[in-house]
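Trainee: Here is what each chain is made of, one letter per residue.
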Amino acid sequence: NAGVTQTPKFQVLKTGQSMTLQCAQDMNHNSMYWYRQDPGMGLRLIYYSASEGTTDKGEVPNGYNVSRLNKREFSLRLESAAPSQTSVYFCASSVAPPRDEQYFGPGTRLTVT
Amino acid sequence: GQSLEQPSEVTAVEGAIVQINCTYQTSGFYGLSWYQQHDGGAPTFLSYNALDGLEETGRFSSFLSRSDSYGYLLLQELQMKDSASYFCAVRDRGSSASKIIFGSGTRLSIRP
Chain B
1 NAGVTQTPKF
11 QVLKTGQSMT
21 LQCAQDMNHN
31 SMYWYRQDPG
41 MGLRLIYYSA
51 SEGTTDKGEV
61 PNGYNVSRLN
71 KREFSLRLES
81 AAPSQTSVYF
91 CASSVAPPRD
101 EQYFGPGTRL
111 TVT
Chain R
1001 GQSLEQPSEV
1011 TAVEGAIVQI
1021 NCTYQTSGFY
1031 GLSWYQQHDG
1041 GAPTFLSYNA
1051 LDGLEETGRF
1061 SSFLSRSDSY
1071 GYLLLQELQM
1081 KDSASYFCAV
1091 RDRGSSASKI
1101 IFGSGTRLSI
1111 RP
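Heads up: the protein sequence lines correspond to chains B and R, in order.
Quick note on the working numbering: the first sequence kicks off at 1 and runs consecutively.
Quick note on the working numbering: the second sequence kicks off at 1001 and runs consecutively.
Next up, chain B with everything else stripped away, as it sits in the complex (with noise of 0.2 Å):
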């Protein structure tokens, strides 16, 4: 029983590279999200997917986008990557609200330059 995943764990992209964070759980949690937390700062709330096949924006979700792939795999895409996005991103699932136990990935750890 691995939890939550999160590939890559670390990455270095250029300006205006794209690339996809991967994200699976393994416990059958019907609610997924991805935040972000940049440097001393709490989490913050990019794309949230109540179930498969819904997302939702969530507090800042310019310059992203999801894909809820099936039950276990939410990944989260970055276009055209820009230095404002470099940051810690962590994946985390949940049993349905309003319960918010949520279970977190390691993290992948993201520079842009």
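By construction, these hints were calculated from the structure, which means they are not laboratory data.
All figures in this text were calculated on a predicted structure; none of them were measured in a lab.
Positions of the beta carbon are idealized from the N, C-alpha and C atoms, including for glycine.
Hints may be right or wrong, so weigh each one.
[Stated by the list, open to error] Which chain R residues stay away from chain B? Per the calculated CB distances, all over 10 Å, these:
id : residue
1  : Val1013
2  : Ser1027
3  : Arg1066
4  : Asp1068
5  : Asp1082
6  : Ser1109
[What the hints assert, rightly or not] Looking from chain R toward chain B, a few residues come up when the C-beta cut is under 8 Å (computed):
id : residue
7  : Ser1033
8  : Pro1043
9  : Arg1091
10 : Phe1102
11 : Gly1103
12 : Ser1104
Position chain R relative to chain B; hints supplied.
Mentor: Same frame as chain B, now just chain R:
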């Protein structure tokens, strides 16, 4: 709009008790969650309060007062491994289920 306030740093002594406060402002309210995050690691869930009162889980307890829009995390018998950042989070009872807000975090430093 939504906002959460928690102290940025707290220092305590090993073996002591420390309380980390969180005040929130939301247009609606489901409950208050707490997470722990060690440097370089991922957040891990500690507790969730939907109703007023104290919830205890081992050395950690969490309290909620809905009328005061206030909660706290209480850590007892502090150990060096408790040195970490602690975040409170709320889900707003708004029209969108995606309104989840985390506080900026409280960095807990423990001295021997």
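Trainee: Going by Cβ atoms only, is Phe1102(R) closer than 8 Å to chain B?
Mentor: 4 Å, holds
Trainee: Under the criterion of a CB-CB separation shorter than 8 Å, is Ser1104(R) in contact with chain B as hinted?
Mentor: 5 Å, holds
Trainee: Please check whether Ser1033(R) passes as an interface residue: C-beta within 8 Å of a C-beta belonging to chain B.
Mentor: 4 Å, holds
Trainee: Are all C-beta atoms of chain B more than 10 Å from that of Ser1109(R)?
Mentor: 14 Å, holds
Trainee: Does the closest beta carbon of chain B sit nearer than 8 Å to the beta carbon of Pro1043(R)?
Mentor: With a minimum Cβ separation of about 5 Å from chain B (threshold 8 Å), the hint on Pro1043(R) holds.
Trainee: Does the claim that Asp1082(R) lies off the interface hold, with its Cβ farther than 10 Å from every Cβ of chain B?
Mentor: About 19 Å separates Asp1082(R) from the closest Cβ of chain B, which puts it past 10 Å; holds.
Trainee: Say whether it holds or is violated: Ser1027(R) keeps its Cβ farther than 10 Å from all Cβ of chain B.
Mentor: Correct as stated: the minimum Cβ-Cβ distance to chain B is 15 Å, above 10 Å.
Trainee: Double-check Gly1103(R) for me: the hint is only fine if its C-beta lies closer than 8 Å to a C-beta in chain B.
Mentor: 5 Å, holds
Trainee: Over 10 Å to the closest beta carbon of chain B is the bar; see if Arg1066(R) clears it.
Mentor: 14 Å, holds
Trainee: Please verify that the nearest CB of chain B lies beyond 10 Å from Asp1068(R)'s CB.
Mentor: 20 Å, holds
Trainee: Would Val1013(R) pass as off the interface with chain B, using Cβ distances and a cut of 10 Å?
Mentor: 24 Å, holds
Trainee: With 8 Å as the cut and Cβ atoms as the points, is Arg1091(R) at the interface with chain B?
Mentor: 5 Å, holds
When each numbered hint is compared with the structure, no violation occurs for any of them.
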